[in-house]
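Trainee: Protein chains in written order, with our numbering: chain A, 1 to 199; chain B, 1 to 268.
Because the hints were derived from the structure by calculation, they are not lab data.
Covered by chain B, according to a simulated footprint, are these stretches of chain A (three or more residues, beta-carbon under 8 Å):
#, region
1, 45-53
2, 73-82
3, 126-139
The beta-carbon is built from N, C-alpha and C at its ideal position, and this holds for glycine as well.
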Amino acid sequence: MLAVRELTRPGLEQASFELQAGECVVVGGPSGAGKTLLLRALADLDPSTGQVLLDGVERGALSGPEWRRRVCYVPAESGWWTDRVADHFGGQAAAAPPLLERLLLPAAALAWEVPRLSTGERQRLALARALLRSPRVFLLDEPTSGLDEAARLAAEEVVRERLAAGACALWVTHDAEQARRLARRRFWVEAGRVAERSA
Amino acid sequence: MNTVQLDYADLALAALLVLVNAGLSLAFALGLERRMLVATARMVVQLLLVGVVLKALFAALSPLWTGAAALAMVLFAGREVMARQERRLKGVWAYGLGTSCMLLAAVLVTVFALSTQVRPDPWYDPRYSLPLLGMILGNTMTGVSLGLHALSSGLTTRRAAVEAQLALGATRWQATRPVARAALQSALMPIVNAMAATGLVSLPGMMTGQILAGADPTQAVRYQMLIMFLIAGGTTLGAVAAVLGGVLRLTDARHRLRLDRLRAPRPG
Numbered sequence: 001m002l003a004v005r006e007l008t009r010p011g012l013e014q015a016s017f018e019l020q021a022g023e024c025v026v027v028g029g030p031s032g033a034g035k036t037l038l039l040r041a042l043a044d045l046d047p048s049t050g051q052v053l054l055d056g057v058e059r060g061a062l063s064g065p066e067w068r069r070r071v072c073y074v075p076a077e078s079g080w081w082t083d084r085v086a087d088h089f090g091g092q093a094a095a096a097p098p099l100l101e102r103l104l105l106p107a108a109a110l111a112w113e114v115p116r117l118s119t120g121e122r123q124r125l126a127l128a129r130a131l132l133r134s135p136r137v138f139l140l141d142e143p144t145s146g147l148d149e150a151a152r153l154a155a156e157e158v159v160r161e162r163l164a165a166g167a168c169a170l171w172v173t174h175d176a177e178q179a180r181r182l183a184r185r186r187f188w189v190e191a192g193r194v195a196e197r198s199a
Numbered sequence: 001m002n003t004v005q006l007d008y009a010d011l012a013l014a015a016l017l018v019l020v021n022a023g024l025s026l027a028f029a030l031g032l033e034r035r036m037l038v039a040t041a042r043m044v045v046q047l048l049l050v051g052v053v054l055k056a057l058f059a060a061l062s063p064l065w066t067g068a069a070a071l072a073m074v075l076f077a078g079r080e081v082m083a084r085q086e087r088r089l090k091g092v093w094a095y096g097l098g099t100s101c102m103l104l105a106a107v108l109v110t111v112f113a114l115s116t117q118v119r120p121d122p123w124y125d126p127r128y129s130l131p132l133l134g135m136i137l138g139n140t141m142t143g144v145s146l147g148l149h150a151l152s153s154g155l156t157t158r159r160a161a162v163e164a165q166l167a168l169g170a171t172r173w174q175a176t177r178p179v180a181r182a183a184l185q186s187a188l189m190p191i192v193n194a195m196a197a198t199g200l201v202s203l204p205g206m207m208t209g210q211i212l213a214g215a216d217p218t219q220a221v222r223y224q225m226l227i228m229f230l231i232a233g234g235t236t237l238g239a240v241a242a243v244l245g246g247v248l249r250l251t252d253a254r255h256r257l258r259l260d261r262l263r264a265p266r267p268g
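All chains should be modelled from the sequences, with the hints used to inform the complete structure.
Mentor: What follows is the structure, given as structure tokens:
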């Protein structure tokens, strides 16, 4: 579904791989090795060379925003552009409450103020606003690092449903248990080189 | 008009105040005396030169020399805008963006004023065009440099917020709107404040100058209003152009945020 051919950018050596629909690939490797650079290049948030195709369509055929609506990057540190949580859900705010509850957040979370959110709340809300936009590819950069066990499992479950519905995901995690739960395929990024490792 | 003429003895007397300042600086060990004297000397030399140059320009009444003087003013203002930036754009943009926006705004507004309201003969008469341009340029410069400064530092500090919007599929205009809006607010605030305070708190220099030169105060006030309108127009035009141009330069056609096109702030 997602085909990557000879993707290169500063800090990242040439990488080629494919993701199938429904597939989740866990990305590991030491901090600062280039995992975030890889995800940002795939989301076209930083300039890179090489081909990236989604369902056979080259990214250049779509505008940047169109591409990122399909290939959605969720950074480790989420960004918030107003003080009200609901503003970040745009037209999807009405559809948010059921999803929030599945992520163990109350529906009232939409009315919360961003500066008062805890790390874990931020992380789940950032994941939720991405999920609600229904991208085809999820690029998740340590999406559950600040969550307790129950919330972590809940987040995994929600993403897994999206995979079953035909999405695919690259999931960066340092948690070996989580990696085992999520995926058969592993990428290992070290010193800017992306290699596939067997689980 | 029966204005009081100043001779050099009068000036020397007033300059004693600066010496008093320098003495105070010495007495309190402020360490400012040297810089104060250099700045004073610079002001004296620069103003004397400007007086001579303006006199020559007024006498020549040449479109070419008037245009050259106007261009030199814009180029100096461009340098000033660049010097006030903490994070400059890389390459020619550091100088080019602010300067071209000021050139556009100040020249447009000055020509508008000369061709419709002031109407000297010839229309480029340096006695009118250069002071008008100078006043418009001085304020446009403040607006442009504040706007660019707020834009580049806003995009840098709010990078995560801007990129969060981009990552969710926003266009570069949607994603940078909060920062661009704040940049325009900070660019336009001085002129808005100046207009609100004019006449109550401050008597603008140009108006006071005309009154000192013997003009009828109601006529001087009318001139001042014209100048304020022109300054407001020039500042807005220049700041909008600079902020939009800055957004274009700090993003790209793929709607990516391109902070790599900014130079790191100078240390210190």
